[in-house]
Amino acid sequence: MSPLLDHLPEFWQGLIVTLQLTAASFAGAAVMGLVIAAMRVSPVPVLRGIGTAYVETLQNLPLLVLLVLAVFGLPEIGLQAGLQATATIVIALYEGAYIAEALRSGVNAVSSGQGEAARALGLNFSQSLRHVVLPQALRTVIQPIGNIFIALTMNTSLAAAVGVVELTAAANRVNLLEAQPIPIFVGAGLAYALIAACAGFVTGRLERRLAVVR
Amino acid sequence: MSNLLFDEPGPRARRRIRIATIAGAVVVLGLVALAVRQFADNGQLTADRWQPYATWPMWRYLLGGLWSTVLAAVVSAALSMAGGLALALGRLSRRRWVRMPSAAYVEAVRTIPVLVLVYVVLFALPRYGLDLPLFWKLVVPLTVSNASLFAEVFRAGILSIERGQSEAGLAVGLTHGQTMRLIVLPQAARRVLPSIVSQSVGLLKDTSLGFVVSYAELLYSGKVLANYNGLLIQTYIVVALVYLVVNASLSKLARTLEARQPRRRTASA
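So the sequence lines, in the order shown, correspond to chains A and B. 53 is the number that this note's numbering gives to position 53 of the first sequence; each next residue is one higher, with no gaps. 84 is the number that this note's numbering gives to position 84 of the second sequence; each next residue is one higher, with no gaps.
Keep in mind that the hints were calculated from the coordinates and are not lab data. Do not rely on the hints blindly, as some may be mistaken.
Simulated DEER-style distance windows between Cβ atoms [unchecked claim]: (1) B/Ala-35 x A/Ala-211: 16 to 26 Å; (2) B/Val-70 x A/Gln-20: 35 to 45 Å; (3) A/Gln-13 x B/Ala-13: 52 to 62 Å.
Not everything, but these chain B residues come out facing chain A in the computed CB check (under 8 Å) [to be verified]: (4) Asp-41; (5) Lys-205; (6) Ser-208; (7) Tyr-228; (8) Leu-232; (9) Ala-240.
A virtual CB, placed ideally from N, CA and C, is assigned to each residue, including glycine.
So here's chain A without its partners, still in its complex pose (with noise of 0.2 Å):
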């Protein structure tokens, strides 16, 4: 055990970013997800056909190459940011595909009958979205939201390869300091599986709390 005790405030760092990095790129993943959602059930076909071409890229190509990409190859085109904030926004435009799809499978799950009845109050498509489709869609798709939150998180810890100093990379690094894998990685694993649990209760609770009744 000691040498995780002994690298406890590493340990701590790394954890911090990688928090971090879950909590922002899930951020700027919901949002990108509504957006592109909102684009895909539009009547405007254009904006259907983006929303379709962005998660259809998006899902098809490793994060790992995106972030290869955003970190080596962006600079040579005049664009650098932190290496902690790009790999922040690089995980949230590909997480944000993720959530569109669910948030699009969830809208497709609203009966038919709320959407018209909207129309008949004379909502318009914001408006019926707003207030009547999405917050239906949004307790329907609770868990598999709570999944990509999770595969979110496991995903971070493709920033260590990258160079970010997360909670993996922290881990590699003072395995290479103390050459005692076997505590070091289960302490990481445990880390991952105690935020996995986590996101797992809350979404759990979640569910039942706002499950509608139907």
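Put chain B on the given structure of chain A with help from the hints.
Below, chain B without anything else, positioned relative to chain A:
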């Protein structure tokens, strides 16, 4: 397309759609123009920086990388499907001492990043005298993590087969094992085929971790090539396009298979 959110557009709605179309097109064209200007300003658009990717030796190298990617993906898919099937059957077993470990494995692995597994194989196992060849350093962690994902796919497929099927199997005197093997699994396999293909897209994406392992798959080949010719962004864009083409075709295949699935008989039937 569902008509959940809008009706057949009238004259005003048509005008609004036109405005939104133009606005959307302008934004996209603006972004493209911005990107092109950024490339041009930094001299990344000149012909000689792209010309190498019109020559065969560059492509031969990258396609060699793609071949290694496919090889790693196929081997790891085969292994993790076998493991996943075993885990799914274990999770559905009537014996508790089989059910619990399988469930624990699936749940535990789902919450460990693949990169941590890669680091374990890369840095931890050699210390205990297990130094795998490069190929297996990539394939083993991918298999360990994807087995749990395939297990969930298979389990969902097996559970989706109507009870009547296995009851009928048992009624004609087959054992539990025979019912599973002869009645349930063949039907489940057909049902989960689309999910397996789309799960394989995820696996193929995961093989890009060869970048970390320095196994010469597509992304790592791209890195080597970029270090050699100094064309960083061009190389990574080409690599991304290759991934996009391969994965988009696989995703398309998954959708085609999904569409060809016979409609489930629902309660009304």
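Hint-by-hint comparison with the structure:
Range check, B/Ala-35 to A/Ala-211: about 44 Å between beta-carbon atoms, so the 16 to 26 Å window is missed. Between B/Val-70 and A/Gln-20 the Cβ separation comes to about 36 Å, which falls inside the hinted range of 35 to 45 Å. Separation of A/Gln-13 from B/Ala-13 is about 54 Å and conforms to the stated range, judged on CB atoms against 52 to 62 Å. Satisfaction of the interface hint for B/Asp-41 is found here, the shortest Cβ-Cβ separation to chain A being roughly 7 Å, below the 8 Å cut-off.
For B/Lys-205, the shortest C-beta to C-beta distance to chain A is roughly 4 Å, which falls under 8 Å, so the interface hint holds. For B/Ser-208, the shortest C-beta to C-beta distance to chain A is roughly 4 Å, which falls under 8 Å, so the interface hint holds. For B/Tyr-228, the suggested interface contact is broken, since its CB lies about 14 Å from the closest CB of chain A, more than 8 Å. Interface hint at B/Leu-232: satisfied, since its Cβ lies 5 Å from the closest Cβ of chain A, which is below the 8 Å cut-off.
Restraint check, B/Ala-240 versus chain A: the minimum CB separation of about 5 Å is within 8 Å; hint holds.
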